[in-house]
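All you need for our numbering is the position in the sequence shown, starting with 1, plus 592.
I should point out that these hints are in silico values taken from the structure, not numbers from a laboratory.
The beta carbon of each residue, even a glycine, is placed where N, CA and C say it ideally should be.
It is possible that some hints are incorrect.
[To be verified] Distance ranges between label pairs, derived from CB positions:
(1) 638 x 600: 26 to 34 Å
(2) 656 x 621: 30 to 38 Å
(3) 598 x 636: 27 to 35 Å
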Amino acid sequence: MAVANPLTKEQIEDKVRSVVVNYLQVTAESVTQNSRFVDDLGADSLDLTELAVAFEDEFNLEIPDADFGQLSTVAGVVAYLDKRLN
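Just need the whole structure built from these sequences, with the hints factored in.
In structure tokens, the structure reads:
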């Protein structure tokens, strides 16, 4: 299924950063490509679950638990979503 207007990688990154800032209540400046959700941004297991659901809602797709469990950084989520969406 092709997406009519695929998001650019930059648009995906902006949306991912926005979700992370809102759900983890961190500053935008603290969220970089290399930010690790647990080690750098202080996420716990509940936060990770909420992030996964928020990404699913934001991008209108399902992220299997096994996939999300492998995504530990902002860059990893952006690359995963870029591949899935485009």
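Hints, one by one, checked against the model:
1. 638 x 600: 26 to 34 Å: About 31 Å separates the Cβ atoms of residue 638 and residue 600, which means 26 to 34 Å holds.
2. 656 x 621: 30 to 38 Å: Since residue 656 and residue 621 have Cβ atoms about 31 Å apart, the given range 30 to 38 Å holds.
3. 598 x 636: 27 to 35 Å: holds (33 Å)
Consistency with the previously given hints is maintained throughout, with no hint failing.
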